[in-house]
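Turn these sequences into a full structure, and let the hints steer you where they fit.
Chains as they are written, first to last, in our numbering: chain A, 1 to 437; chain B, 1 to 437.
Warning: the hint list may mix true and false statements.
The list treats identical chains as one, so a pair stands whether inside a single copy or across any two.
[To be verified] Within a straight-line C-alpha distance of at most 25 Å, the following computed SDA-like cross-link-like pairs (lysine to any residue) qualify:
no.	residue 1	residue 2
1	LYS258	MET154
2	LYS401	ARG254
3	LYS258	PRO303
4	LYS104	ARG290
5	LYS258	PRO164
6	LYS104	LEU116
7	LYS258	ARG145
8	LYS258	TYR304
9	LYS104	ALA83
10	LYS258	LEU302
11	LYS436	ASP237
Calculated from the structure, these hints are not laboratory results.
Protein chains: 2
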Amino acid sequence: MDVSWVEVDPASDFPLNNLPWGVFSPAAAPASGGAPRIGVALGDWVVDVAALAAGLPGALPDVAVAALGAPTLNPLMALGQPAWRATRAALQALLRSRDAAGDKPVNDALHDNAALRDAVLHRRSDVTMHLPATIGDYTDFYSSRAHATNVGTMFRGPDNALMPNWLHLPVGYHGRASSVVVSGTPVRRPVGQVAPAGEGDGGPSLQPCRLLDFELEAAVFVGGPGNPLGEPIAIDDASDALFGVVLMNDWSARDVQKWEYVPLGPFTAKSFATTISPWVVSLDALAPFRVTAPPQDDPSPLPYLVPAGGRTVLDVSLSVGIRGESMAAPATVTESNMRHLYWTFEQQVAHHTVTGCNLRPGDLLATGTISGEGQRARGSLLELSWKGTKEVDLGGGVTRKFLRDGDEVFMGGYCQGDGYRVGFGDCRGVVTPARKV
Amino acid sequence: MDVSWVEVDPASDFPLNNLPWGVFSPAAAPASGGAPRIGVALGDWVVDVAALAAGLPGALPDVAVAALGAPTLNPLMALGQPAWRATRAALQALLRSRDAAGDKPVNDALHDNAALRDAVLHRRSDVTMHLPATIGDYTDFYSSRAHATNVGTMFRGPDNALMPNWLHLPVGYHGRASSVVVSGTPVRRPVGQVAPAGEGDGGPSLQPCRLLDFELEAAVFVGGPGNPLGEPIAIDDASDALFGVVLMNDWSARDVQKWEYVPLGPFTAKSFATTISPWVVSLDALAPFRVTAPPQDDPSPLPYLVPAGGRTVLDVSLSVGIRGESMAAPATVTESNMRHLYWTFEQQVAHHTVTGCNLRPGDLLATGTISGEGQRARGSLLELSWKGTKEVDLGGGVTRKFLRDGDEVFMGGYCQGDGYRVGFGDCRGVVTPARKV
Chain A
1 MDVSWVEVDP ASDFPLNNLP WGVFSPAAAP ASGGAPRIGV ALGDWVVDVA ALAAGLPGAL
61 PDVAVAALGA PTLNPLMALG QPAWRATRAA LQALLRSRDA AGDKPVNDAL HDNAALRDAV
121 LHRRSDVTMH LPATIGDYTD FYSSRAHATN VGTMFRGPDN ALMPNWLHLP VGYHGRASSV
181 VVSGTPVRRP VGQVAPAGEG DGGPSLQPCR LLDFELEAAV FVGGPGNPLG EPIAIDDASD
241 ALFGVVLMND WSARDVQKWE YVPLGPFTAK SFATTISPWV VSLDALAPFR VTAPPQDDPS
301 PLPYLVPAGG RTVLDVSLSV GIRGESMAAP ATVTESNMRH LYWTFEQQVA HHTVTGCNLR
361 PGDLLATGTI SGEGQRARGS LLELSWKGTK EVDLGGGVTR KFLRDGDEVF MGGYCQGDGY
421 RVGFGDCRGV VTPARKV
Chain B
1 MDVSWVEVDP ASDFPLNNLP WGVFSPAAAP ASGGAPRIGV ALGDWVVDVA ALAAGLPGAL
61 PDVAVAALGA PTLNPLMALG QPAWRATRAA LQALLRSRDA AGDKPVNDAL HDNAALRDAV
121 LHRRSDVTMH LPATIGDYTD FYSSRAHATN VGTMFRGPDN ALMPNWLHLP VGYHGRASSV
181 VVSGTPVRRP VGQVAPAGEG DGGPSLQPCR LLDFELEAAV FVGGPGNPLG EPIAIDDASD
241 ALFGVVLMND WSARDVQKWE YVPLGPFTAK SFATTISPWV VSLDALAPFR VTAPPQDDPS
301 PLPYLVPAGG RTVLDVSLSV GIRGESMAAP ATVTESNMRH LYWTFEQQVA HHTVTGCNLR
361 PGDLLATGTI SGEGQRARGS LLELSWKGTK EVDLGGGVTR KFLRDGDEVF MGGYCQGDGY
421 RVGFGDCRGV VTPARKV
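Now the structure itself:
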């Protein structure tokens, strides 16, 4: 555990070991008008990195200073792994407690400058968070075997649950970038076209979604310069293209999806909102929590999907809670873990680019719904209610099959270290009523 | 016909009636370093609109001047219909011949200023064209009934050719924005994962695409301020969201597509390159060529897809030519027309946003392959060769089922006016060999 002179609760998602990147506006910033700027989270605080770079010339790596003054993380993302690592190390040195540092580097310049500390440290409860990056393209994969098996079983039976390609490549599709929103943004229940009710003469209808669902996902922001069109990223280079990870709720209108998705995949059923957590947790912060990935030996994938050093996933405990309007606190409905992913981030990058598709810094690659084995580990209400055939218990007599207006959905995730957590903070959104049809 | 003092061949795609928008770099621009800037095409010339606005203060609408100095069309696209119309009218007045103007407005300021004319007019053969806009999201529809019927017949038989949803909504999916390239960009044959060859124990393989295809499409750039997330664009407001139209070749790896596309749609099979023509033809230039759309009465779509004033499509003759390495000139393989589209641009906008998805200026909405009735009107080699079962004749003993290395694919389109054409210019790309596997 790494100790800061800024007090951090042991249960906080954001100790000095984490130091995730985000873009925020201070609640009151008279000088700058509250324009979005880059920060890192530390306990209950946000460190204004742009102001820090300006206030302490030379304290942060020269290569990163211009990027740290931008209103999005894209320029920083483009710099690549060595610059990210050097900047994080310099920030940790500035924030580290000298008393507990051991042989780790310490830079007292911020600690010893009260005026700068006041200017640079904002209470996290006071700031407004923004999307961390301009997302050029958003891709959604389908990489949890339990999820794909559950959905396939519901719609095609247990013998045909997985499509023939599923074990050979990370199935994915292009998502909608414009409708990715930051945690806390209300989500309006969509109105959409749904299938005819029966076999008679009736046609489809336009109506408020009746089967509104969440999907528990994680997503990685692409970093580095990106690959030129036509030149794939090899599996052993893929980790260099990973800037950091967020949680994602891929809100889904199941009734709309069922009618529209053949043959080209989900479209309006998922493009009304996709919520991400605002703090981007670096792969360096997550590195201690890498574990061996589920085996892929029956069948083994093609060599372009097999890294020389073995496959790892992240041991991140994930949960989903729902708070109905009548409830004082959210009830946990899902407990899952990122380690259940069959396809890794690195495999997703290698496959995404295999035909030559270019990735750019700021692109977002999501895992798809992360379900584990067992009913409690299901990452969507579609699975928890088994296609609406059973009620999901929220306690106190409250149940759900799908989401109701006023429901707030909370996702959380953390890695448990020795006496500390590396966590993801809030990924939440409340369902508001549909527009009048 | 509208006559300019700049000489324009009657067969040119770019008479004064057209004046399409593009982004170009002059071949030699010592002062500015050849940075991308906005222009309009006129005959064999490009008019440097940014230089014109700077050289003739007050000649172009004040509201547009800042946008016209940008390196992409996005700021101009965001201004909306009245600003586009006023700017186009001011440019036409500056370029119109006084002798043939009749009662149309004329502004002699450019015509009478030889130094400015020299600075502003570039030979089109000398300039480098760029993508006209930063494309936030690219969506591809599937709006030609003949195409959907052909493909459905090949894979599911004539009785199930159209999926149950096809006549009720414009089926579409999210495409990849990063791999949209401008006409002339070489297209490398992709290497991708394809299905096992037979029923035995063999798995899939990684190999150069063997069934490389073109798709003849058109695409519209979204303009106006865009809609807020959660607020659809009503069908009767949809035309305000249309900035202009380009041709598109949606290159497709059919063998990769067939294996990967279930259940979430095309992914790596189409994200290796998508070519568009560089000149964006305004809806005002195309307005005289609007014709009644194919009827939609069996079934009628839901009211949110039915405009008050009736549905129109554009009468644009389309063609595709292929030139193999041994050929002196391209052989025409397809003659189709944009009027064959069953779903209109306006219907696509209304459906795309119905669940609340936000469109932004610079988003690109493509039609899907535009096939007409009859074998000659098929917009892809998949259809022309009927899934590879027959040869497509290129003349001189040369035939194709799918594309070979060295083949250059040319797409063209024009509206025929009385003594003039409103055309789209080049949309072409040559196939280069695959990387070594």
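Okay, the hints, checked on the actual structure:
1. Both within a single protomer and between protomers do LYS258 and MET154 lie at most 25 Å apart by alpha-carbon distance, with minima of 13 Å and 24 Å respectively.
2. In this assembly of identical chains, LYS401 and ARG254 lie within 25 Å of each other by CA distance solely inside one copy; the values are 12 Å within and 40 Å between copies.
3. Taking CA atoms no more than 25 Å apart as the test, LYS258 paired with PRO303 passes between copies only; the shortest distance there is 21 Å, against 35 Å inside one copy.
4. Proximity of LYS104 and ARG290 under a CA criterion of 25 Å is satisfied intra-copy only: 23 Å inside one chain copy versus 71 Å between copies.
5. In this homomeric assembly, LYS258 and PRO164 come within 25 Å of each other (Cα to Cα) both inside a single copy, at 21 Å, and across copies, at 12 Å.
6. For the identical chains of this complex, LYS104 and LEU116 are intra-copy neighbours only, at 23 Å inside a copy versus 65 Å across copies, given an alpha-carbon limit of 25 Å.
7. Taking the shortest Cα distances, LYS258 and ARG145 sit within 25 Å of each other both inside one copy (21 Å) and across copies (22 Å).
8. In the homo-oligomer, the alpha carbons of LYS258 and TYR304 lie at most 25 Å apart only across protomers (20 Å), although the nearest pairing inside one protomer, at 33 Å, exceeds that limit.
9. Taking CA atoms no more than 25 Å apart as the test, LYS104 paired with ALA83 passes inside one copy only; the shortest distance there is 19 Å, against 60 Å between copies.
10. In the homo-oligomer, the alpha carbons of LYS258 and LEU302 lie at most 25 Å apart only across protomers (18 Å), although the nearest pairing inside one protomer, at 32 Å, exceeds that limit.
11. In the homo-oligomer, the alpha carbons of LYS436 and ASP237 lie at most 25 Å apart only across protomers (18 Å), although the nearest pairing inside one protomer, at 50 Å, exceeds that limit.
In the structure shown, no violation is registered for any of the earlier numbered hints.
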